[in-house]
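Two chains, two frames, some hints: make the complex.
Chains as they are written, first to last, in our numbering: chain A, 1 to 66; chain B, 67 to 255.
Hints are not guaranteed to be accurate.
Partial list, computed: chain B residues near chain A (C-beta under 7 Å) [stated by the list, open to error]:
| hint | residue |
| --- | --- |
| 1 | Gly221 |
| 2 | Leu243 |
| 3 | Ala247 |
Where chain B lies over chain A, by a calculated footprint (3+ residues, C-beta under 8 Å) [said to hold, decoys possible]:
| hint | stretch |
| --- | --- |
| 4 | 5-11 |
| 5 | 25-31 |
| 6 | 36-47 |
So these bits of chain B aren't anywhere near chain A, every CB distance computed over 12 Å [said to hold, decoys possible]:
| hint | residue |
| --- | --- |
| 7 | Gly105 |
| 8 | Arg165 |
| 9 | Arg168 |
Read the hints as simulated data drawn from the structure, not as lab findings. Glycine included, C-beta positions come from ideal geometry on N, C-alpha and C.
Spelled out from the first residue to the last, the chains are:
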Amino acid sequence: MEWQKGGRAALIRYRAISDEQTMEYFGLIAITPFDGQQVFFYSSFVQAPPQSFARVLPTAIRSWAS
Amino acid sequence: MHSLPAGGSGTVLTTTLASGSVTSVTQALVRDLQPYFGGTMRVLNAIEDRSGAQVQASFSAQLGGVPVIGLLAVAEEGTWAHAVVIFDESRALAESLNRLMRVARADGEGASTASPEALTRTTVPDGSVNIDLAPGWVIRRADKGAMDIQGQAPGSGMSLGAVSTVPFTSADPAEALVIMAQQAGRAQL
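Only chain B is shown next, with the shape it has when bound in the complex (with noise of 0.2 Å):
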């Protein structure tokens, strides 16, 4: 999960996940949040939308022994699952729950309503294809339709249609994928 800058005490956690359901996503959610609470997070109820499209869930917990308690949200978007939590400690949530949840809110607002931004046509250097590029993206390499592209947000990007030979014989992608990570140096996936 990624952190927020809460701007203040407490603590805003954001996620994006593969969608199921939301109360399996939710599940899996709290799940995955146990060993960062050491075990200790309840939740305390839940609530899921009529649409089945939203879980809004409290919770209590302790992090390094100090007893916070917070919320947490999921929300499905198409194909995703952005899912938001927000905690304090107990005693704190009442003064920071507001400025918390703008934090949330702003970024679920970037990630979820942001108008789609109009594409141009590029062709690559090497002029083997053509793909319609938002402002600010790059393509860094291009040979023979696979090219490298960098994305305008820092860190982003994509690869598209590289093909290599590689000296196995595994007939499972994703196995496949984790060799290749391996081999790249990507030592955890």
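Bound-form chain A, shown alone (with noise of 0.2 Å):
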């Protein structure tokens, strides 16, 4: 979608491995040009085991949204 200043945003649901451990993550990600060389990169998101990422992400919506 568009997003400010020229820039690009997605609502993109991703599951990440870092230390061997999985995360699922559900966020907003937005970059606008800067310079040419680099970009402003925004980023907001909800992070949790997937065991726990089901319940959890509702309520952090409802905190992000406020």
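Structure below.
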């Protein structure tokens, strides 16, 4: 989707493995051109292990939206 | 997928997926499970409820050369689809099925029917913004509207409003996310 100042954003559901630990994520990622060599990188995301993600997400989204 | 403690023989797997139609989610789930079963998974029958919000299916497969049979269920829950897969050795499922279904049901109830927690308006330490937080959620860092919040569940949390300049020129947010994750050491995304 369009983002401010000519940028683009996306709501992204993803899973990442770090230090052999799997985490689930839901986030808003946006990038806006800066000077031709860099971009502004904006992120907001919720994270939780797979076993609790479905329980955590609704509460986290309510906080995020507040 | 996440494996739940089954309390005996058999396996209970759960996952949460971005929701499309439950049929398409189920088909994707079966595709995702094929490597787990070494390509031997065969759906025996499947039923979609009238509302189109749930699919249940039975399947056979082999796991390490051992024949297994099982059930899978996919239920739409708003933006997400919650999937449960139960299986056991073919000769054992008749005895373990009720126990495995109780394990799956307890997990699903926790995910979908818990009452919404009351949120408390909280001002971040630098005074820049307010946010409503559930009990046990703690602001660990805040700076000019950006904040890191630790959740009550182990490993859970939020990072909100983080902005940085980074040295690449991708115009694709998903690609940018992968680059940032790789730079942060999250080798697999």
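Verification of the hints:
1. Gly221: Since the shortest Cβ distance to chain A is 4 Å, the answer is holds.
2. Leu243: Since chain A brings a Cβ to about 5 Å from B/Leu243, closer than 7 Å, the hint holds.
3. Ala247: Holds, about 6 Å.
4. 5-11: Our answer is that it holds, as 3 residues pass the Cβ test (under 8 Å) against chain B, meeting three.
5. 25-31: holds (count 4)
6. 36-47: Three-residue rule met by the stretch 36-47 of chain A, so holds; n is 12.
7. Gly105: holds (22 Å)
8. Arg165: holds (19 Å)
9. Arg168: holds (17 Å)
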